[in-house]
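Chemist: The chain contents come next:
Number of protein chains: 2
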Amino acid sequence: MIQKYPSTLLENAVNEFTKLPGIGRKTALRLALHSLRRTPEEVENFGESIINLRHNVRYCKVCYNICDSEICNICGDLSRDASTVCVVENIKEVMAIENTGQFRGLYHVLGGIISPMEGIGPNDLQIESLIERTKGSEIKEVILALSTTMEGDTTNFYIYRKLSGVDVKISIIARGISIGDEIEYADEITLGRSIVNRTNFSDTLRL
Amino acid sequence: MIQKYPSTLLENAVNEFTKLPGIGRKTALRLALHSLRRTPEEVENFGESIINLRHNVRYCKVCYNICDSEICNICGDLSRDASTVCVVENIKEVMAIENTGQFRGLYHVLGGIISPMEGIGPNDLQIESLIERTKGSEIKEVILALSTTMEGDTTNFYIYRKLSGVDVKISIIARGISIGDEIEYADEITLGRSIVNRTNFSDTLRL
Chain E
11 MIQKYPSTLL ENAVNEFTKL PGIGRKTALR LALHSLRRTP EEVENFGESI
61 INLRHNVRYC KVCYNICDSE ICNICGDLSR DASTVCVVEN IKEVMAIENT
111 GQFRGLYHVL GGIISPMEGI GPNDLQIESL IERTKGSEIK EVILALSTTM
161 EGDTTNFYIY RKLSGVDVKI SIIARGISIG DEIEYADEIT LGRSIVNRTN
211 FSDTLRL
Chain G
11 MIQKYPSTLL ENAVNEFTKL PGIGRKTALR LALHSLRRTP EEVENFGESI
61 INLRHNVRYC KVCYNICDSE ICNICGDLSR DASTVCVVEN IKEVMAIENT
111 GQFRGLYHVL GGIISPMEGI GPNDLQIESL IERTKGSEIK EVILALSTTM
161 EGDTTNFYIY RKLSGVDVKI SIIARGISIG DEIEYADEIT LGRSIVNRTN
211 FSDTLRL
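Chains E and G, in that order, give the protein sequences.
FYI, the numbering for the first sequence is 11 to 217, going by my numbering.
FYI, the numbering for the second sequence is 11 to 217, going by my numbering.
This list has only true hints and no planted wrong ones.
Heads up, the list lumps identical chains together, so a pair's fine if it works in one copy or across two of them.
Each computed BS3-like pair below joins lysine-lysine, with the alpha-carbon atoms no more than 30 Å apart: (1) 179 <-> 150; (2) 36 <-> 102; (3) 102 <-> 145; (4) 14 <-> 150; (5) 71 <-> 36; (6) 14 <-> 71.
By construction, these hints were calculated from the structure, which means they are not laboratory data.
Taking the hints into account, I'd like the entire structure generated from these sequences.
Modeler: Dropping the structure here:
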């Protein structure tokens with residue numbers, strides 16, 4: 011039998027597409043061939059937008075959300091409640107919570123959750139910066155809004171322990187979201203209500 | 011409400027991903043954020059492989075298949091039967107037929123099918139080059155292997171008419187019940203045609 015791909019350029023492009031999450035070889039071939047039906051400028055814009063994002067991405071110095079400047083739009087918005095900080099895994103959760111319109115405080119983006127299976131420890135995340143940010147500041151409440159998985163629970167507990175000496179209320183979003191579900195995919199009403207009905211973290215430990 | 015994306019770089023990358031077929035906004039965001047977890051080199055390789063494909067893609071001067079040189083590997087393979095040419099829509103069909111291992115002839119890649127709805131006429135396709143290629147050559151048989159849709163039928167008929175003055179046998183791939191399909195659930199047109207075009211049973215035993 012002849013080689014699978016008739017062109018090494020095509021094969022390279024297909025191989026690169028398959029490295030993206032959820033893209034198999036058939037979809038990768040379809041995407042690669044699709045680029046041949048676009049103008050060179052369109053394809054350049056596509057490729058460069060992703061390279062550009064990777065090279066020039068900036069993170070907010072306060073909350074570590076992705077942004078275009080030193081401080082993100084949320085941290086820079088003086089009308090927001092700076093006494094409440096919502097701890098999330100990633101930017102996707104910031105966007106999901108913002109879309110509920112139920113939260114007017116600030117965020118802290120950990121950049122992941124503690125996962126020994128994937129080799130992600132507390133030092134790989136923005137946990138130390140959260141503790142530092144909380145100490146002697148105007149922050150009165152830290153809301154934990156991580157995924158309701160074992161990794162999320164572990165991370166919640168780790169942060170809870172780390173904040174034990176800090177004079178701050180630690181709450182957790184209401185578990186109206188079913189166990190095992192991911193925050194990113196929750197519907198807005200459930201997600202919004204889970205922010206409004208957040209409960210004291212130490213109360214959940216007794217459950 | 012705050013802007014949907016906290017960074018214009020991210021927004022651009024997401025917008026570019028959504029231009030790909032079958033990629034919605036949620037998947038696009040997932041893919042864009044995935045690139046932030048890769049090394050800059052990996053992301054460059056990804057983006058450049060696609061730009062490179064678009065800029066440097068070459069088409070075989072004989073069959074218009076994608077290739078790396080003047081003539082594709084199939085057309086350049088002298089052990090193949092140059093008297094039989096299989097007409098296909100795209101490179102994906104070449105790959106699919108090659109994978110069957112049942113065809114040792116050459117191909118002709120049209121680059122699409124006639125579709126008035128999408129504004130694709132005969133002149134947008136490699137039909138004229140097929141006619142030229144067939145005239146006064148060693149080609150004895152042209153096999154039509156296009157999709158069994160109205161567009162495919164139209165294109166088949168157009169090529170058939172165009173080749174009417176050329177001394178060449180025109181055949182079409184068998185339409186019938188797929189291997190593994192149950193007769194009971196086959197559509198009437200396919201079933202009807204499979205009866206009309208029935209083949210000698212002893213011929214099938216040789217396959």
